Amino acid sequence: MNLEASNSSSGTPQEPSAPSGVSSEGGGSHAVRPKLSEAEFARLITQVRPALTIVASAVLGDRVEADDIVQEASVIGLASLDRFTPGTSFEGWMAQIVRNVARNALRKRTRNPARASGGDALLNHAAGAHKAGGSPPLSADGSIPNPAHFDADVRRALQSLDETSRVCLLLRTVGEMSYAQIAAITELNENTAMSHVFRSRRTMREFLTSPNGRTDQGGTR
Amino acid sequence: MSQSLPPNFDGDQASFQPEAIDRYLDGLMSETERAAFEQAIGGSEALQEAIALQNRLDASLRSEFGAPPAPAGLLTREEARAFSEKKQSTGWSRERRMFLALAALIALIASIQGFFWLSASSNSAERPSLAHIYQGLVDHGFRPSEECTTNEKFAGWMKAKFGVALALKEVRPDVQLVGWSSSTAISNYTGLLLATVDGQPVMVAIDTVARQNEWGFPCRRQPGEDAAVNFFSAEIDGIAVYEVTPRDKPRIIDNLAIFKAGQ
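First to last, the sequence lines map onto chains V and B. The opening residue of the first sequence carries number 0 in numbering that gives the first Met the number 0; numbering runs sequentially from there. The opening residue of the second sequence carries number 0 in numbering that gives the first Met the number 0; numbering runs sequentially from there.
Hints listed in this document are in silico derivations from the structure and should not be mistaken for laboratory results. Remember, predicted model here, so these are calculated numbers, not experimental data. Just so you know, not all the hints are guaranteed correct.
[To be verified] Estimated spans, in silico, between C-beta atoms of each pair: (1) G155(B) x A38(V): 38 to 48 angstroms; (2) E162(V) x A159(B): 19 to 29 angstroms; (3) E205(V) x R210(B): 35 to 45 angstroms.
Virtual Cβ for every residue (Gly too), placed ideally from N, Cα, C.
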């Protein structure tokens with residue numbers, strides 16, 4: 000079977016920008032720059048994959064496509080090995096590629112709502128169940144969020160955060176990473192990463208205890 | 000206010016810095032601070048609720064976003080090698096010269112069209128052929144990223160990766176599942192099922208029909224490739240499957256159907 004190749008570029012992520020401090024092509028005074036070998040790349044990507052998956056999840060707002068995003072980013076990283084400077088943060092470099100790929104995927108979702116993730120469907124389902132007279136709030140005074148809607152409300156609260164805050168929060172909470180590790184991945188300093196996490200938690204707690212922020216309190220979003 | 004209490008505490012929850020709960024939960028407080036804060040927790044329902052809420056919130060996030068990694072690996076070493084082979088500059092065989100000539104032609108077309116090299120790299124024109132991937136796997140022992148010898152596990156992988164739990168609908172004694180890998184053959188998300196038929200290695204490339212149509216059919220031979228293997232294709236419930244086999248008939252893709260328990 001000999002068939003012609005398609006020239007479609009749809010779905011192709013844009014070229015990731017080189018992280019700060021990483022030059023693109025070999026100019027300047029660096030006559031020879033040792034490159035990362037494919038074997039080293041394979042070893043490193045295996046090590047940082049869980050963190051990259053969390054980064055992708057944070058950008059997307061759900062876990063559905065995160066593995067695919069990381070795989071696509073890995074392909075780009077592999078093809079761009081000569082753009083990585085050994086000695087700089089590999090996870091930071093790959094995380095930037097992951098974020099770019101995930102943003103493109105997010106834009107595609109926005110352009111094509113029919114491809115909304117299963118996560119969105121779950122949220123809609125939860126909201127629909129409430130409108131249809133779903134489970135009542137757990138506590139009489141309404142101070143404790145309804146467990147039937149809690150996960151959906153948490154996701155809404157997460158979506159109310161900016162992307163960097165989501166990344167920092169999930170790396171800390173889900174990845175159980177130190178602030179130093181989070182700083183290496185996000186290319187922030189430790190204190191800034193910590194501030195993002197603390198502020199995010201506080202914002203989410205406020206969101207979840209606010210009548211306007213909870214599905215079981217008739218919050219509108 | 001007790002002398003032993005930290006400066007950000009005066010016995011009232013409202014007097015704590017807003018991040019005190021986070022510093023407490025992160026274990027960042029000194030012993031003195033921690034003791035004072037725990038004392039405050041004991042006397043404050045609001046603090047207890049806030050901490051309970053944060054713990055519950057964390058558990059929800061872990062549950063929602065902490066799913067185990069996908070069963071398939073990123074790329075096998077063979078796939079990575081195949082993918083990047085065009086970048087190597089040694090080994091000037093006839094096949095390589097032809098391949099490089101083709102690559103140069105593609106690059107020329109791409110430059111005329113104003114594409115950057117990297118964006119062009121994801122086009123199907125530069126995807127490794129199925130025959131190339133198959134040969135690479137065979138040359139390296141036909142080892143999968145993850146072993147899979149049962150129909151149930153295969154169906155689970157299909158469901159997780161493609162949303163459709165395809166599996167073998169009947170047991171064929173000559174067919175033995177080996178495992179799966181990931182590939183960039185059809186799209187960046189292509190899966191490969193590795194199996195043996197009468198002891199001969201057989202590979203099935205799997206992707207969604209939508210991605211297949213987006214990228215173009217991948218079942219093409221590149222110049223210089225011999226015809227040592229045959230290609231068979233099918234579409235089942237939105238899934239495109241390509242069997243690459245040394246045999247003259249398909250033995251796997253003609254036996255795929257939605258998995259049912261007990262199958």
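Here is what the structure says about each hint:
G155(B) and A38(V) have their C-beta atoms about 31 angstroms apart, which leaves the hinted 38 to 48 angstroms range violated. Here the CB-CB span from E162(V) to A159(B) is close to 26 angstroms, well matched to the stated 19 to 29 angstroms. Taking the beta carbon of each, E205(V) and R210(B) are about 41 angstroms apart, inside 35 to 45 angstroms as hinted.
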